[in-house]
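Each position in the sequence shown, counted from 1, maps to that position plus 82 in this note's numbering.
Possibly wrong hints are sitting among the right ones.
Listed next, with one range per pair, are the computed distances between beta-carbon atoms [said to hold, decoys possible]:
no., residue 1, residue 2, range
1, R121, T96, 18 to 28 Å
2, V98, I241, 16 to 26 Å
3, R106, A179, 38 to 48 Å
4, T218, I241, 20 to 30 Å
5, T137, P188, 15 to 25 Å
6, D90, D141, 20 to 30 Å
7, E196, R243, 15 to 25 Å
8, R110, P230, 42 to 52 Å
9, D90, A116, 26 to 36 Å
10, D193, K283, 20 to 30 Å
11, S186, L136, 35 to 45 Å
Honestly, the hints are just simulated from the structure, not real lab data. Quick reminder that beta carbons are idealized off the backbone N, C-alpha and C, glycines included.
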Amino acid sequence: VAEAALADFRGQLTQVPPTYSAVRVSGRRAYELARHGQRPELQPRQVEIRELSLTDWSDADPERPTATLEVRCSAGTYIRALARDLGERLGCGAYLAQLTRTASGPFRLEDARELDELRTVLGDGRAAQVLLPVDTGLDAYPPVRLAPEELVALSRGQIVRPRGASGIDYHADGERVRIVATDGRLAAVARVQGGRLHPEKVLLAAGG
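From just these sequences and the hints, can you work out the full model?
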């Protein structure tokens, strides 16, 4: 029965966030209002459940069976709300007992390192073996290369209007891009506005 009900929760759906959530209601967090005995009215939002499967079922306690689900979803999805809504659909009620985030973008739990291991490799000078490149996860930001003097100006926090075939002419205002140094390293993240690059995060030392 539980597995059959999952079909209704795949794809695009409307979800009301949990009462105890960080969603703002009239300028205050919903959980703050709930802790003061209020029941904030939360607006439903569109989310996407891309994959949803039942990986384990235990009725060792017949009065409180436990289901283990695997979910791949869009940002902004509340798994607590998914458990709540699934319980309502089944007519028995349900709550989230445990949550493990197995991946976020390119970052996977299986690639994570324990702190003790990190301390050891850092102490041995082997950080490059375990640390991911600083631009990991920024693939959605198109790369842009600048002339040396433009890169120096950007590294000082200045707004830059690139000359010539800069590669930003076709980017929409508000779009973020990766500024790549001549050696291929990430130098900065900038926002395109009116043909100019506005630096938001600069990793290159001032002056290049």
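The hints, checked one at a time:
A C-beta distance of roughly 19 Å is found between R121 and T96, which places it inside the suggested range of 18 to 28 Å. Taking the beta carbon of each, V98 and I241 are about 42 Å apart, not inside 16 to 26 Å as hinted. Our hint of 38 to 48 Å for R106 and A179 is violated, since their Cβ atoms are close to 27 Å apart. Taken as a hint, the range 20 to 30 Å holds for the pair T218 and I241, whose Cβ atoms sit roughly 27 Å apart.
Between T137 and P188 the beta carbon distance is about 23 Å. The supplied range of 15 to 25 Å therefore holds. Hint check: D90 to D141, Cβ distance near 22 Å, so the stated range 20 to 30 Å holds. At about 47 Å, the beta-carbon gap between E196 and R243 misses the expected band of 15 to 25 Å. The hinted window of 42 to 52 Å between R110 and P230 holds, with their beta carbons roughly 49 Å apart.
For D90 and A116, the hinted distance range of 26 to 36 Å is satisfied, since their beta carbons lie about 27 Å from each other. Range check, D193 to K283: about 23 Å between beta-carbon atoms, so the 20 to 30 Å window is met. Checked against the given bound of 35 to 45 Å, the beta carbons of S186 and L136, roughly 23 Å apart, lie outside it.
Consistency with the previously given hints fails for numbers 2, 3, 7 and 11, ordered from lowest to highest.
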